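Same order as they appear, the protein sequences are chains A and B. When you line the first sequence up against our numbering, it's residues 1 to 233, in that order. When you line the second sequence up against our numbering, it's residues 1 to 409, in that order.
If you're looking for bench data, these hints aren't it; they were derived computationally from the structure. No experiment lies behind these values; they were computed from the predicted model shown. From the three backbone atoms N, C-alpha and C, an ideal C-beta is built for every residue, glycine too. Some hints could be false.
[To be verified] Listed below are the simulated BS3-like cross-link pairs for lysine-lysine, each with C-alpha atoms no more than 30 Å apart in a straight line:
#1 A:Lys22 to B:Lys401
#2 A:Lys121 to B:Lys311
#3 B:Lys168 to B:Lys154
#4 A:Lys76 to B:Lys93
#5 B:Lys152 to B:Lys93
[To be verified] Ranges between beta-carbon positions, derived for each pair:
#6 A:Ser143 to B:Phe11: 21 to 31 Å
#7 A:Asn16 to B:Asn399: 22 to 32 Å
#8 A:Asn16 to B:Val404: 21 to 31 Å
#9 A:Glu190 to B:Ile292: 50 to 60 Å
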Amino acid sequence: MIEIKDLHKSYKMGSNSLHVLKGINFNIEDGELVAIMGSSGSGKSTLLNILGMLDGADSGEYTLDGVPIKNLSETKAALYRNKFLGFVFQSFNLINYKSALENVALPLYYQKVPRKERQEKAMQYLDKVGLKPWAHHLPSELSGGQKQRVAIARAMAAEPKVLLADEPTGALDSKTSYEVMALIQKINDEGNTILVVTHEEDIAHMCKRIVHLKDGVIVEDKKIEQVRAEQYV
Amino acid sequence: MFDRDIWQEIFNTIKTNKLRTFLTGFSVGWAIFILVMLLASVNGMQNGFYNQFNDDATNSIFVRPGVTSKAYGGFEAGRRIQLKNDDVEYIKKSFPEDVEYISARYYANAAARYKSETGSYQIQATSPDHQAIEKTLVVAGRYVNEADIVNKAKVAVIGRKVAEDLFKDEDALGKFVELNNLPFRVIGIFTDDGDDNAERRIYAPISTYQRIYGNTNDVNMIALTYNPTYDISTALEFSDRLEVLLKRRHRIDPDDQAGLYIFNYAQAFDDISSFTAVLNGIGIGVAFLILIAGIVGIGNIMVFTIKERTKEIGVRKALGARPNQIINLVLLESVFITTLSGFVGLLFAWMILAAIGPTIQSPAFSNPSVDASTVITATIILIIAGVLAGWIPAMKAANVKPIVALSDK
């Protein structure tokens, strides 16, 4: 699903150049649930930005579902993001004046799905994360865990190839964190490819594979025995 | 563009920034208000000017004889020019295409009497065409007709005031009124939009009066209207031709200003039009300057809201919003605010004009109002203004990097 070869990225900091990614190589197969770990400054966010087409790499190859991702115009990047990727953010990033349902329907809006169909589909995904009764509530009326579940429903609604989650549990207490992880595991069980960036060991161990980044290189890449989150809920 | 989601978003930004939206919208509304009021005032002045001529057809030309001031063609200066019936025929024949209506006028004063009521009135002896030239409105009976002219009939068309003065409550039609002791049958009563004095007038057949006053062919003046399809420049060109021809006929030096007076309403309208056009220009200019301040204000606030919404825009882009969609959203919001507030200004101006406009009736100012073209122009200006105001903020929004949505740690 994702193929990355010799990826380099550096940032200019005044006269110095900061080499953040120093040759990353890894592949992600269809249906994997991968945790990307690393301390801050390890380059994991930069890697996620590049995977998310929010930023371009300096050199190296990135292929997503057979499509080479290179030199994208803004419009093309928007199109690919919409088609290929679903994002889950640490701070949920729901649009605060839109109801849960409208938030979930937003990527479908950008896919130009007709309004009625959009609403139905969004409702279906809200149901999947168990928030159908809250469909018409504003984000401010939801708890943190509920917000993240809405965000996951939103990311899934566009039926992306890959779900990118950036510290999805970073703003949640441990109980709700496990609830969210249980949901992510459930979505993965249905065959979706998911990438989770985290710095929490227990969250990483709920994935099926851990990629450890340090100073811009992969220091460890191992498959693990998945810890099911349901048992903590 | 007519998408519920876009409008929902626009209304939301307006709702969350109520005061700021109002304050900036106010400046645009105020500009449009001033624009409309200025234009309406100029319009009022124009109406005032036109009303001065209102009791005559607007395409009238009046030819009055004078006294020559220059020696010409063997005649000394100081010769009195006399127009005659022939002149009317001559003009008719010379300008068959140009002349619409033409009538000579013969003036006389008459002491009028009916039973014991008396009064002194001005008689205008005319031919039937005169009704159209003077826009005389006959409310009862009829005007002088061709048969009256041929028969030199002693008939009179009297003004409403004359009828009130002499006949009181009686129906004047068909009665005989004595004018300088000669009985004239009243065949019609007229009103005039001009003023009360115009209604203290009596019309009679010109042939009748020419016979009473010594079998003369003399006329005091000639009134005519030109072809109503003419524009001002054609009309002026026609009156120039008329002047040349009449001066030649009466052997007046072409440069003699005093021998013959030709007054063309087109000239007056031309002067008024250029005067009001300048005023209009000033009005539009002033309003535009104010509008620019409004545009800057709206642009300013939009830049501010975009800054506040950077994160939201970033999220939208991460979810697949294309730069064009973001630009559309911002521009539409800007156009919406400018157009709405502009229309509020327009509405206020219109209400004020509707309320006080009709009550203002001074000679130089009457019925200030705005017409549809002003409204349409204002709308186009507002939409352009909205696009201008939203342009920079929209570009700013389109350039928001979705990366900011992620970097929230």
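To see whether the hints hold, each was checked on the structure:
{"no.": "1", "hint": "A:Lys22 to B:Lys401", "in the structure": "holds, 24 Å"}
{"no.": "2", "hint": "A:Lys121 to B:Lys311", "in the structure": "holds, 26 Å"}
{"no.": "3", "hint": "B:Lys168 to B:Lys154", "in the structure": "holds, 22 Å"}
{"no.": "4", "hint": "A:Lys76 to B:Lys93", "in the structure": "violated, 79 Å"}
{"no.": "5", "hint": "B:Lys152 to B:Lys93", "in the structure": "holds, 24 Å"}
{"no.": "6", "hint": "A:Ser143 to B:Phe11: 21 to 31 Å", "in the structure": "holds, 28 Å"}
{"no.": "7", "hint": "A:Asn16 to B:Asn399: 22 to 32 Å", "in the structure": "holds, 26 Å"}
{"no.": "8", "hint": "A:Asn16 to B:Val404: 21 to 31 Å", "in the structure": "holds, 23 Å"}
{"no.": "9", "hint": "A:Glu190 to B:Ile292: 50 to 60 Å", "in the structure": "holds, 58 Å"}
Checked against the numbered hints listed earlier, the structure breaks hint 4 alone; every other hint is satisfied.
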